[in-house]
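Asker: Sequence:
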Amino acid sequence: MGIRHIALFRWNEGVTPEQVEHVEELLGKLPGAIPELKSYSFGADLGLGAGNHDFAVVADVEGESGFLAYQNHPDHQAALAVIKPMLADRAAVQFTV
17 MGIRHIALFR WNEGVTPEQV EHVEELLGKL PGAIPELKSY SFGADLGLGA
67 GNHDFAVVAD VEGESGFLAY QNHPDHQAAL AVIKPMLADR AAVQFTV
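The opening residue of the sequence shown carries number 17 in the numbering used here; numbering runs sequentially from there.
Just to be clear, a hint being listed does not mean it is correct.
Just the calculated beta-carbon pair ranges, DEER-fashion [said to hold, decoys possible]:
no.: 1; residue 1: N28; residue 2: G79; range: 30 to 36 Å
no.: 2; residue 1: F111; residue 2: Q35; range: 26 to 32 Å
no.: 3; residue 1: L62; residue 2: H38; range: 16 to 22 Å
no.: 4; residue 1: A60; residue 2: V109; range: 18 to 24 Å
no.: 5; residue 1: K54; residue 2: G30; range: 33 to 39 Å
Bear in mind the hints are in silico, worked out from the structure with no lab data behind them.
Note that beta-carbon positions come from the ideal geometry of N, C-alpha and C, so glycine has one too.
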């Protein structure tokens with residue numbers, strides 16, 4: 017049974033494009049570092065709808081143990097340490113795929 021994790025970020029005012037690029041660099045390293053990730057994508061909102069979040073991450077893993085391995089992996093935690101101070105708001109959901 018696969019699990020899809022979706023996280024949506026709304027950046028604080030004043031977050032720069034360079035900071036977002038740094039986040040993208042950190043996130044881009046995760047698929048090579050975390051074998052439990054079966055599929056991984058992320059990116060900035062295209063601005064096509066009003067009220068959207070600024071950035072999204074979509075991770076597919078195998079089962080709850082795969083999600084926990086991703087969530088607790090040191091490289092993921094290091095990325096979160098950079099992301100959290102940038103956040104005005106975050107939403108997340110996990111569901112079976």
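Asker: Are the hints correct? Go through all of them and say.
Answerer: Now the hints, each set against the structure:
1. About 34 Å separates the C-beta atoms of N28 and G79, a value consistent with the hinted range of 30 to 36 Å.
2. For F111 and Q35, the hinted distance range of 26 to 32 Å is satisfied, since their beta carbons lie about 30 Å from each other.
3. At about 20 Å, the CB distance of L62 to H38 agrees with the hint of 16 to 22 Å.
4. Checked against the given bound of 18 to 24 Å, the beta carbons of A60 and V109, roughly 19 Å apart, stay inside it.
5. About 35 Å separates the C-beta atoms of K54 and G30, a value consistent with the hinted range of 33 to 39 Å.
The earlier numbered hints are all upheld by this structure, with none contradicted.
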